[in-house]
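Chemist: Using the sequences provided together with the hints, build the complete structure.
Protein sequences appear in the order of chains A and B. The numbering used here puts the first residue of the first sequence at 1, with every later residue one more than the last. The numbering used here puts the first residue of the second sequence at 1, with every later residue one more than the last.
It is worth saying that the hints were derived from the structure and are not from the lab. Check before you lean on any hint, since a few could be wrong.
Cβ pair distances, simulated, as ranges [unchecked claim]:
{"id": "1", "chain 1": "A", "residue 1": "55", "chain 2": "B", "residue 2": "212", "range": "48 to 58 Å"}
{"id": "2", "chain 1": "A", "residue 1": "242", "chain 2": "B", "residue 2": "264", "range": "33 to 43 Å"}
{"id": "3", "chain 1": "B", "residue 1": "264", "chain 2": "A", "residue 2": "55", "range": "39 to 49 Å"}
{"id": "4", "chain 1": "A", "residue 1": "69", "chain 2": "B", "residue 2": "198", "range": "38 to 48 Å"}
{"id": "5", "chain 1": "A", "residue 1": "18", "chain 2": "B", "residue 2": "617", "range": "52 to 62 Å"}
{"id": "6", "chain 1": "A", "residue 1": "187", "chain 2": "B", "residue 2": "205", "range": "32 to 42 Å"}
{"id": "7", "chain 1": "B", "residue 1": "601", "chain 2": "A", "residue 2": "112", "range": "52 to 62 Å"}
{"id": "8", "chain 1": "B", "residue 1": "629", "chain 2": "A", "residue 2": "112", "range": "27 to 37 Å"}
{"id": "9", "chain 1": "A", "residue 1": "117", "chain 2": "B", "residue 2": "578", "range": "28 to 38 Å"}
{"id": "10", "chain 1": "A", "residue 1": "172", "chain 2": "B", "residue 2": "95", "range": "19 to 29 Å"}
{"id": "11", "chain 1": "A", "residue 1": "187", "chain 2": "B", "residue 2": "628", "range": "51 to 61 Å"}
{"id": "12", "chain 1": "A", "residue 1": "112", "chain 2": "B", "residue 2": "578", "range": "22 to 32 Å"}
{"id": "13", "chain 1": "B", "residue 1": "198", "chain 2": "A", "residue 2": "112", "range": "38 to 48 Å"}
{"id": "14", "chain 1": "B", "residue 1": "264", "chain 2": "A", "residue 2": "183", "range": "47 to 57 Å"}
Chain B stretches covered by chain A per the calculated footprint, using a threshold of three residues with CB under 8 Å from any CB of chain A [claimed, not checked]:
{"id": "15", "stretch": "254-262"}
{"id": "16", "stretch": "565-579"}
To give an idea of the interface, some chain B residues facing chain A are shown, with a C-beta separation under 8 Å as derived from the structure [to be verified]:
{"id": "17", "residue": "265"}
{"id": "18", "residue": "270"}
{"id": "19", "residue": "555"}
{"id": "20", "residue": "560"}
{"id": "21", "residue": "561"}
{"id": "22", "residue": "562"}
{"id": "23", "residue": "586"}
{"id": "24", "residue": "589"}
{"id": "25", "residue": "593"}
Every residue gets a Cβ at the ideal spot worked out from N, C-alpha and C, and that includes glycine.
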Amino acid sequence: MPILRIQDVTKVYEGKVTHRALNQLSLEVMQGEFLAVMGPSGSGKTTLLNLISTIDKPTSGEIILNDVKPSKLNKQELALFRRRELGFVFQDFNLLPMLTVEENIILPLTLDGKPVSLMEERVAKLAKILDLTSFLHKKPSEISGGQAQRTAIARALIHEPTVILADEPTGNLDSNNSREVLELLSSINKERNATIVMVTHDPIAASFCDRVLFIKDGEFFNEIYRDERRQTFFQRILNVLSLLGGGNVGDLSSIRLP
Amino acid sequence: MTFHQFAYRNVIRNARIYAAFFLASLFSVFVFFIYSMLMFHPSIEDGFLGNVSIVGMIVAEITLVLFSWFFIFYSMKAFLEARSKEFAILLHLGMEKKQLSKLIFLETFLIGTVSIVVGILFGFAFSRFFFMIVREILMLEELPFYFSWEPFLLTITVYLSAFILISILSVYFTPERNLLDYFKGYSKLYSQEFYSFQKAIIGVIFILTGYVLAILTSRVTLYSFGILIVILITMGTYLFFSHTTLFLLDRVRSRKSIYWKRNRMLSVAEQSLIMKSNSKMFFVVTIVSTLAFLCVGLLAALSSYTSQYDKMNPLGLIYKGHTDNPYENLHINALIRELEEQGLSYHMARFEVKKQTSSFTQYEVEVFRESDINNLLFSYGYPLVRLDSGESMFIPYSEESINELSQRTVETVLIENNVEVIIDKVYPKLIFPSSIISLNSIIISDEDFMLLKNPYFGYPEVEPGYHLFTFDIPQWFETTDVGLGIYYRVSKEYLKEEYNLPFYFENAGLSYSFILSTYSLFTLVGILVAAVFLLAAGSFIYFRLHTSLEFEKKKFDVLKRMGLTDLELKKIVNAHLMPQFFLPWGVALLHSLFAFVALQNLLKHIANISIVKELILAFGFLVIIQIIYFYLIRWRYITHVRD
Chain A
1 MPILRIQDVT KVYEGKVTHR ALNQLSLEVM QGEFLAVMGP SGSGKTTLLN
51 LISTIDKPTS GEIILNDVKP SKLNKQELAL FRRRELGFVF QDFNLLPMLT
101 VEENIILPLT LDGKPVSLME ERVAKLAKIL DLTSFLHKKP SEISGGQAQR
151 TAIARALIHE PTVILADEPT GNLDSNNSRE VLELLSSINK ERNATIVMVT
201 HDPIAASFCD RVLFIKDGEF FNEIYRDERR QTFFQRILNV LSLLGGGNVG
251 DLSSIRLP
Chain B
1 MTFHQFAYRN VIRNARIYAA FFLASLFSVF VFFIYSMLMF HPSIEDGFLG
51 NVSIVGMIVA EITLVLFSWF FIFYSMKAFL EARSKEFAIL LHLGMEKKQL
101 SKLIFLETFL IGTVSIVVGI LFGFAFSRFF FMIVREILML EELPFYFSWE
151 PFLLTITVYL SAFILISILS VYFTPERNLL DYFKGYSKLY SQEFYSFQKA
201 IIGVIFILTG YVLAILTSRV TLYSFGILIV ILITMGTYLF FSHTTLFLLD
251 RVRSRKSIYW KRNRMLSVAE QSLIMKSNSK MFFVVTIVST LAFLCVGLLA
301 ALSSYTSQYD KMNPLGLIYK GHTDNPYENL HINALIRELE EQGLSYHMAR
351 FEVKKQTSSF TQYEVEVFRE SDINNLLFSY GYPLVRLDSG ESMFIPYSEE
401 SINELSQRTV ETVLIENNVE VIIDKVYPKL IFPSSIISLN SIIISDEDFM
451 LLKNPYFGYP EVEPGYHLFT FDIPQWFETT DVGLGIYYRV SKEYLKEEYN
501 LPFYFENAGL SYSFILSTYS LFTLVGILVA AVFLLAAGSF IYFRLHTSLE
551 FEKKKFDVLK RMGLTDLELK KIVNAHLMPQ FFLPWGVALL HSLFAFVALQ
601 NLLKHIANIS IVKELILAFG FLVIIQIIYF YLIRWRYITH VRD
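Modeler: What follows is the structure, given as C-alpha cells:
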C-alpha cells in the first residue's frame, strides 16, 4: 500500500529567470519502504523534499500523504500535519543550541502538548536504542557530529511519524559516523517499519536503501531495487550515476553509428 | 577599485545595515551640539539661567559625552559581530588583519564624519527653534540666535576623537579568532549557564535593602542613606541580571511539569541563553533607564511644584519676629522703603500672635486676632471672618487640611487665661504658606483676644508668641531684590545647627526665581539626556536583535519544518522579545518608583506637595512609548523570521 503518492508534480520557480525545478514527476513510496533519491546538483532533489515536507507547494500535480492532500489544508492545519505526520533529519543536524540533547529530542512532543510521562518514557526508550543515554543532559555544542545526528534522528522518531524525511543525513559526518547513522536508519526502517525518504549524493548511503530513485533536471531518470548483496547494489548505483553524469545520455553513442 | 573606494562602497551599498548605527550617532551628535550651543551662549554669562551655575550644564555635557562614547563602542561591537561572516570572506581571500583594521577604521570614520556633519547641520538648523523654546520656558525677554565657532569645535573634537579612538580600540580588542569562527558568525558558547546561588540571593537582598532604605529616608539621613542606596541598588541590579535571573530560570528548568510544556521549553531555554550572554547589557540598560526615568520624574515633580507655588505662597514678603525683636522697626522700615523705591504696590498687615495651651490637646496653640486676619483677607479680596465671643476658627496649613479640619469640632479652654472657645469652622482658603504657621493655629474674636493677658506657660524659656508682618504684593515675582540683606542673614543662620536669630524672613519672589532656574536647568538637562538615554537603551536591544537575526532565522526555519503554527511562532517571538524589552525597563521603573517614594517623603517635610499625579502621567507616557517601540520591533522581527 503506497503511503506517499506523488502524481505529475511540476514546480516552477517564478522570478527574473523562470526555472522549472520539477517536471511531471510521479512516484510512490510504500509503507515501510526506505527510499533514496539521488541526482546531480540542481536536479530537484531538495525541491522534491520541500514539497513532501509541505513547506512548499507544487505548481501543478498532487501529493497525497497517508490519504491526506496537504494542498487542501490551511496553514494552521499544515503545521499540525507536519508536526504529527513528518519527521526531519537535516544535513547540519539543526539541533537547537540552547536546549540539551534530551530537550531537543522531546521538542516535537512538547510543542504538541503531550504529557511529561509520555515524553520521559519515549526518550528513555529511544535513548537506549540510539545509545544516547550517557549524554542526554549535555548541550549540542558538547557532543560529536555522530552523536548530534543520532540526536536528530531521535527527534525525528519521537512522535512516531508516518514518514521520515532525511536531507543528506551523512553529508557532515565522517565515514565511521556515516555508517553508524545509516545502519541505524536501516534498522529503524526494519524494526519499526518506518517509512524513510532520504535525499543523498552519496552512493554508499544510497546502497543502504531498498530502492534508489534517480532524477535529472527535475524528471524521472531511473530507479533500481536492492538485491541480496549490498556490494552489487552499490555497483549498480555507480553504473546509473555514471550514466547520469554523461552529457549525452539518451543520445546514441557515437560508436554504434555507422 | 582602490582600497578607499572599497570601504566607501561597503558603506554606501549596505546603507540599510549601517542605518541604525548612523542614526544613533547622528542623534547623539545632534543633541550634544544643541546643548553646546546653549552652553556657549554669550548671554549665559549674564546669568540667564538665574543663579544656577554653569557647573550643572557641564556635568550634564560630560555625562552625555561619556554615555555616547560607551554607546558608540557598544554599537560598534554589535555591528562588527553581525558582519563577521563578511569579514571572514575578506580574510579568506587573503586580506591582512592590518588591512581589515584599516577597512573598519575607514568605514567608521566615514560614517562618523557624515553623522557629525549632518548632526551639526540639523543641530544648527534647530537651535533657533530650541532657543525659542528655552526662552518660553525660562520666561526670558529674549535669547538671540548667535554664531560662534566654539560649539562647532567642541562637537567635532569630541565626536571625531570618539569615532577614531573607538574604531581603533574595538578592532584592537577583538580577540584573535581563526577563520572558521568568523564563518560561524554568531558563535556564542552554548555551554551550561553558570551562576552562583549565594550571589543570586545577595542580589535580591541588596535590591530589597535599597528599597527599604529608600522608604525610610528622611531629611536627616538623606546623605548617608542616599549613597548607600545607590551602591546597594547598582550592585544588586548587576547581581540580579548576572545571577538571580539564571537561578530563577534554572529553578523552572528543573521542574519538568512546568518546563516541558508546549512552547514554554523553548522560551525558557532561550531566556537563559539571552540572560547569560547579555547580563552586562541589561544591567547598563537598566541603570541608564533608571537615570532617564529619574530625569523625567524630577521634571514632572518640579513642574508640579512650580505650578503649585503661587497657590501655596499667596504672600510676597513675610517677616516674622519675636515679640522683643530689636530689629523689628529697622527691618520693616527698610522693607517698606525698598518696596517704595522699586515702585511696587503692597499691602502690609501686622499680626500679633499669642501662644496658649489648649486644654483639649494639652499642646500649644497659636492664636490670631480676628481683626488682624481680616486686614489681610481684605487685601487678598477673600471673604472676611466674623466671630463672636467664644467662637473660633482653624487656619488651614495646606490644601488637604481644609477638608480635614472642616469635619472637626473642638471645645477647648485656653488654659493660661481660662478663655473658653468652640472651634467648629475652618477658613476655606489657604491664608499663609505652610512654613510660617504651626499646624495648630486658630482665629478668635477681638473680645476674647483682649482677655489673653497671661503669657504662655513656657515663658520666658519659650517665646510667648510672635509678630508677623505680611506684604501682599500683586507683582510678587518682581520682589527679588527686596530685603536681600535680611535674606542673607536668615539663610546664613539656616546653615548653622541652631537658629538663633530673633527674626525670620521669606521672599516668595526670590525663592521662586531660585526654584524656577533650578527647574529650567533640570528641564533642559533632563529632556535632552533622557531622550538620548531612552534612544540608546532602545538601540542596544535593536543591535542585539540585529546581531542574532541570522541565527534566529535558521532556528525558526527548523521549527517551521517541524510544524510550528503561526500562532505559536508569534508566542515564541513574544516570549523571546518581551523580557529583553520589559525586564530592564520594569526593574528600572521599580527602582525609580522607590526613588520617588523617598523624594515624596522629603518633599512632605519641605513643602506639602504631592507628585503622584505628575509621576503617573510621566511614567504612563514612557510605558506607552516603550510598548509602541516593542510592537514596532516585533513587527519587523516577525516579518524577518517568517520567510
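Chemist: Next step is simple, just say for each hint if it's right about the structure.
Modeler: Tested hints:
no.	hint	in the structure
1	A:55 to B:212: 48 to 58 Å	holds, 55 Å
2	A:242 to B:264: 33 to 43 Å	violated, 53 Å
3	B:264 to A:55: 39 to 49 Å	violated, 25 Å
4	A:69 to B:198: 38 to 48 Å	violated, 60 Å
5	A:18 to B:617: 52 to 62 Å	holds, 59 Å
6	A:187 to B:205: 32 to 42 Å	violated, 56 Å
7	B:601 to A:112: 52 to 62 Å	holds, 54 Å
8	B:629 to A:112: 27 to 37 Å	holds, 34 Å
9	A:117 to B:578: 28 to 38 Å	holds, 31 Å
10	A:172 to B:95: 19 to 29 Å	holds, 28 Å
11	A:187 to B:628: 51 to 61 Å	holds, 56 Å
12	A:112 to B:578: 22 to 32 Å	holds, 24 Å
13	B:198 to A:112: 38 to 48 Å	holds, 40 Å
14	B:264 to A:183: 47 to 57 Å	violated, 36 Å
15	254-262	holds (count 5)
16	565-579	holds (count 4)
17	265	holds, 5 Å
18	270	holds, 6 Å
19	555	holds, 6 Å
20	560	holds, 7 Å
21	561	holds, 5 Å
22	562	holds, 6 Å
23	586	violated, 23 Å
24	589	violated, 28 Å
25	593	violated, 33 Å
Comparing the model with each numbered hint stated earlier shows that hints 2, 3, 4, 6, 14, 23, 24, 25 do not hold.
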